[in-house]
Amino acid sequence: MRHMNNLRGIDLNLLVVLDALLVERHVSRAALRLNMSQPAVSHALARLRSLLGDPLLTRQGGGLAPTIRAMELSKPLAEALAQIRTVLGPDGFEPGRTRHTFRLAMSDYGAEIVLPNLLRELRRSAPDIDLAVMQLSREGMIAGVMDGDIDVGLGVFPSLPEPILPEHLLNDDYACLVDRATLPPSAQSIDFESYLARPHALVAVHGEASTEIDAAIHAAGYARRVALIIPHWSVAPKTIAGTDLVLTVARTSLKSTLQDDRLVVLPPPIPLPTIPFGQISHRRRRSDPALRWLREMIVASVAAAAPLSGFG
Numbered sequence: 001m002r003h004m005n006n007l008r009g010i011d012l013n014l015l016v017v018l019d020a021l022l023v024e025r026h027v028s029r030a031a032l033r034l035n036m037s038q039p040a041v042s043h044a045l046a047r048l049r050s051l052l053g054d055p056l057l058t059r060q061g062g063g064l065a066p067t068i069r070a071m072e073l074s075k076p077l078a079e080a081l082a083q084i085r086t087v088l089g090p091d092g093f094e095p096g097r098t099r100h101t102f103r104l105a106m107s108d109y110g111a112e113i114v115l116p117n118l119l120r121e122l123r124r125s126a127p128d129i130d131l132a133v134m135q136l137s138r139e140g141m142i143a144g145v146m147d148g149d150i151d152v153g154l155g156v157f158p159s160l161p162e163p164i165l166p167e168h169l170l171n172d173d174y175a176c177l178v179d180r181a182t183l184p185p186s187a188q189s190i191d192f193e194s195y196l197a198r199p200h201a202l203v204a205v206h207g208e209a210s211t212e213i214d215a216a217i218h219a220a221g222y223a224r225r226v227a228l229i230i231p232h233w234s235v236a237p238k239t240i241a242g243t244d245l246v247l248t249v250a251r252t253s254l255k256s257t258l259q260d261d262r263l264v265v266l267p268p269p270i271p272l273p274t275i276p277f278g279q280i281s282h283r284r285r286r287s288d289p290a291l292r293w294l295r296e297m298i299v300a301s302v303a304a305a306a307p308l309s310g311f312g
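For the sequence shown, UniProt numbering begins at 1 and goes up steadily by one.
Since the hints were derived computationally from the structure, they do not count as laboratory data.
A portion of the hints provided could be inaccurate.
[As the list claims (entries may be wrong)] Derived Cβ-Cβ restraints for the label pairs, each shown as a range: (1) P276 to R49: 55 to 61 Å; (2) A219 to G62: 40 to 46 Å; (3) E296 to P231: 28 to 34 Å; (4) A303 to A181: 36 to 42 Å; (5) E94 to L258: 36 to 42 Å; (6) G62 to G242: 42 to 48 Å.
Small disclaimer: the values here were computed from a predicted structure and weren't measured.
In this text, a Cβ means the ideal position worked out from N, Cα and C, and glycines have one as well.
Construct all of the structure, not just a fragment, from the sequences and the given hints.
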C-alpha cells in the first residue's frame, strides 16, 4: 500500500493514463485506447513523472519500458482501477459511439473461424471500432499478451503462464486430407501403415516441427516423415492435390476443400486429441470494459461459426 499512498492527491484521470501506458508501453497506442491525442498522453506522462519523482517509462526500441518504480505500481494501480470500474458499472465503454482499435493475433485458421461473423457485427453495431490483426506463433501470442502488444490472442494453448486469462471457445477435431487418386476406389479411410508410409505436410507458423500429432505417433512407437512445413492453413490443402502427401489438420480448416473433387477428407488412423480453440488476454485487464466487450463479441462470433462435421 506504500506506493498507492503516494498516489493520493493525484487526478484520477492521470492514473487511468498511467495504467494505459503500463499496459500498452507505447504513447500512440495508449492514446488510441483512451481516445485521447498523443500530445495529451505525453503531457499527462510528464505530469506523472513530476508528481511521482520517477521517469516511470523510458524509451526502448519502438516502445516504452517501465522503470522499477512503475513495475511496483502496476499491479496495485490496475487492481484499484478495476475496483473503481466495478463500482461505476460497465458503462465506461460504449462501442456504438467510441472510436477504438483492438490488436488481435491469430493464424488464418483462427481468422476463418472468428473474423467473418465478428466483422459483420462490428460494421453493423460498432462501425468506429477497428481491428489490427497479425499472425504470430503460439509463443508469440503469449508474449504479446504478456507485454501488452496485443489485446487478444486466438489459437490452441496447451499451457499458459499464470498472468494469462484463457477462455475456451470451441473443440475441433483432426482430419486427414489426401488426393483421391492415390486411394483405392471408394476408400473411406486410410490405415495406419499407409498413413506412415506417405510423406506428410505440416502447418506451423514459424516452422515448429513438433505437434500434438507427432506426440501421438511417437507414443505409439512410430515417427512420420514431414516433407513440407508451411505456415498458412488456407494454402496447405491446395498443396495436396496431385501429390501423395497427407495433411492432418483441424477439420474446420478444410471447409474450402469440399469444393475440390480431387481431394478427400478422412478420419485419422490413430486416436488424436481434440483441438481446444480459445482466446487469451491478460488477467490485469479482466475488468477492462472495452476488452470484456470484445471477448464477448468473439464468443458470439465463434458460436455462430459451426465447425464441420463428417468425412468424405
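Going through the earlier hints one by one, which of them does the structure break, listed in rising order?
Result: hint 1 breaks, nothing else.
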